[in-house]
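Residue numbers (my numbering), protein chains in the order written: chain A, 1 to 270; chain B, 1 to 156.
No lab work stands behind these hints, which were simulated from the structure alone. Here a beta-carbon is modelled for each residue, glycine too, at the ideal position from N, C-alpha and C. Among the hints, erroneous ones may be present.
Simulated restraints on C-beta separations [what the hints assert, rightly or not]:
| no. | chain 1 | residue 1 | chain 2 | residue 2 | range |
| --- | --- | --- | --- | --- | --- |
| 1 | A | Pro179 | B | Gly10 | 33 to 39 Å |
| 2 | B | Arg93 | A | Arg66 | 48 to 54 Å |
| 3 | A | Ser221 | B | Asp71 | 49 to 55 Å |
| 4 | B | Arg93 | A | Glu156 | 53 to 59 Å |
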Amino acid sequence: MYAFNYQCPQALAEAVSAFTAADDATWLAGGQTLVPVLKQHLAMPSDLIDLASIAELKGISVAGNRLSIGAMTCHAEVAGSPHVRGHIPALAELAGMIGDPHVRNRGTLGGSIANNDPAADYPAALLALDAVVHTNKRQIAADAFFTDLFETALDEGELILRVDFPLADKAAYEKFANPASRYAVVGVFAACTGNVSRIAVTGAGPCVFRADAMEQALNSSFTAAAIAGITADPEGLNSDMHASAVYRAHLIGVLAGRAINAANARGNGQ
Amino acid sequence: MPTLNTRVNGTSVSKQIEASTLLVDLLRDQLHLTGTHVGCDTSQCGACVVHLDGRAVKSCTVLALQAEGRDVTTIENLAAADGTLHPLQEAFRKHHALQCGFCTPGMLMACAALLDDNPDPSEAEVRAGLEGNICRCTGYQNIVSAVRDAAKQMRA
Ligand SMILES: Cc1cc2nc3c(=O)[nH]c(=O)nc-3n(C[C@H](O)[C@H](O)[C@H](O)COP(=O)(O)OP(=O)(O)OC[C@H]3O[C@@H](n4cnc5c(N)ncnc54)[C@H](O)[C@@H]3O)c2cc1C
Ligand code: FES
Ligand code: FES
Numbered sequence: 001m002y003a004f005n006y007q008c009p010q011a012l013a014e015a016v017s018a019f020t021a022a023d024d025a026t027w028l029a030g031g032q033t034l035v036p037v038l039k040q041h042l043a044m045p046s047d048l049i050d051l052a053s054i055a056e057l058k059g060i061s062v063a064g065n066r067l068s069i070g071a072m073t074c075h076a077e078v079a080g081s082p083h084v085r086g087h088i089p090a091l092a093e094l095a096g097m098i099g100d101p102h103v104r105n106r107g108t109l110g111g112s113i114a115n116n117d118p119a120a121d122y123p124a125a126l127l128a129l130d131a132v133v134h135t136n137k138r139q140i141a142a143d144a145f146f147t148d149l150f151e152t153a154l155d156e157g158e159l160i161l162r163v164d165f166p167l168a169d170k171a172a173y174e175k176f177a178n179p180a181s182r183y184a185v186v187g188v189f190a191a192c193t194g195n196v197s198r199i200a201v202t203g204a205g206p207c208v209f210r211a212d213a214m215e216q217a218l219n220s221s222f223t224a225a226a227i228a229g230i231t232a233d234p235e236g237l238n239s240d241m242h243a244s245a246v247y248r249a250h251l252i253g254v255l256a257g258r259a260i261n262a263a264n265a266r267g268n269g270q
Numbered sequence: 001m002p003t004l005n006t007r008v009n010g011t012s013v014s015k016q017i018e019a020s021t022l023l024v025d026l027l028r029d030q031l032h033l034t035g036t037h038v039g040c041d042t043s044q045c046g047a048c049v050v051h052l053d054g055r056a057v058k059s060c061t062v063l064a065l066q067a068e069g070r071d072v073t074t075i076e077n078l079a080a081a082d083g084t085l086h087p088l089q090e091a092f093r094k095h096h097a098l099q100c101g102f103c104t105p106g107m108l109m110a111c112a113a114l115l116d117d118n119p120d121p122s123e124a125e126v127r128a129g130l131e132g133n134i135c136r137c138t139g140y141q142n143i144v145s146a147v148r149d150a151a152k153q154m155r156a
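Produce the entire structure from the sequences given, and follow the hints as far as they go.
Here you go:
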């Protein structure tokens, strides 16, 4: 690797001032993206500020109709949490599908959404569930958070503290996983609360997006039949060695139908 | 250079290291625990799996300093002190669950963590539990049989 400084502050204020004081700092969560990036010198920050000891970034809680998950919560903890399994089982299932068990023991919610990999799973959940990202500066709605390929609305040095997920009436996530990496070739998260439906698609495009035409069709009837005639446009979708844009567009329809069926099978109160 | 204080296989370790030292390099190059292997540079193969506070992690994707104050357990600690093999090691031998053996330390550590969480995994659960471990020669069938047999022995 190359030489960098490492700090592991014990408090939030200390972390923020360490970041500001450093030349070119980067937050370190579980390192499941950042360590490979450093190994390959794709980024060469001068300082890593490890978030592992900061209490404010930890924990899962439920208050009112919101499920709140700290940025440093690892995927295995979300997958196994009785709060998440009880209130938004689709989210626990999604976390349990990320990568492999070893990655899930280290990778975090905050790291995943800050990175905004086009094939990552969590961005679809945040977008479909209309979640709110709480940072050390402000609150950002999921709709405004994921802006482009590996880009988010976060400012330089802005720190994600937690994500608040409204409790949906019904929700499910379906992913067509790459068999080697487990990342989503396409993943569709479907959620319905009252008569509002939200469908978020990951893996297919340069950045997670909502399937507007499907959402409109679903608002009158949250059934797979309601979207049966809607085909996604391959224009602008990803095309690579794993799948063509046309195939990805096809998968969006298939997976959306499956996700809606799974959400309905789980039913109200989940 | 920062000082790392950790425990490896139950023994306290205090060492000055470069911040950029990977956990796997600390284990192999500095502590000479060469049972933990490196099979890739993309965090995918699982040859480097060790336990950090009892949970399976890829030691090629953890900085050594992230193990500060924690317990690291490696393949060297799986057999008993008198050399008696762990039931998983015994089962891997019996079921021919290894050929070249390169992936085996990571496989065994992954399987040990899997059985800690789930003492009676189905075949599908074993396969899902090994998604982060790649074997390039034996194939997975015998590995799955070995894990299920070891689980049975350990429950008995
Ligand atoms: C083999 C493998 C398979 C994988 N498969 C999948 C998969 O199927 N699906 C999937 O979604 N993901 C997958 N991942 C990625 C994994 O989910 C990680 O969670 C993700 O890479 C982020 O890692 P991390 O949480 O350890 O963050 P890090 O790697 O530590 O950090 C990632 C980035 O986020 C920034 N960051 C971290 N925390 C914060 C914060 N609180 N506030 C602001 N910025 C922050 C860091 O500065 C860095 O830029 C896989 C990874 C590997 C290695
Ligand atoms: S060496 Fe391949 S995952 Fe660590
Ligand atoms: S036994 Fe050779 S790689 Fe698995």
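To see whether the hints hold, each was checked on the structure:
A hinted range of 33 to 39 Å holds for the C-beta pair A/Pro179 and B/Gly10, which are about 38 Å apart. About 52 Å separates the C-beta atoms of B/Arg93 and A/Arg66, a value consistent with the hinted range of 48 to 54 Å. The hint said 49 to 55 Å for the Cβ distance between A/Ser221 and B/Asp71, and at roughly 54 Å that hint holds. Range check, B/Arg93 to A/Glu156: Cβ separation about 54 Å, and the 53 to 59 Å hint holds.
In terms of the numbered hints stated before, the structure departs from none.
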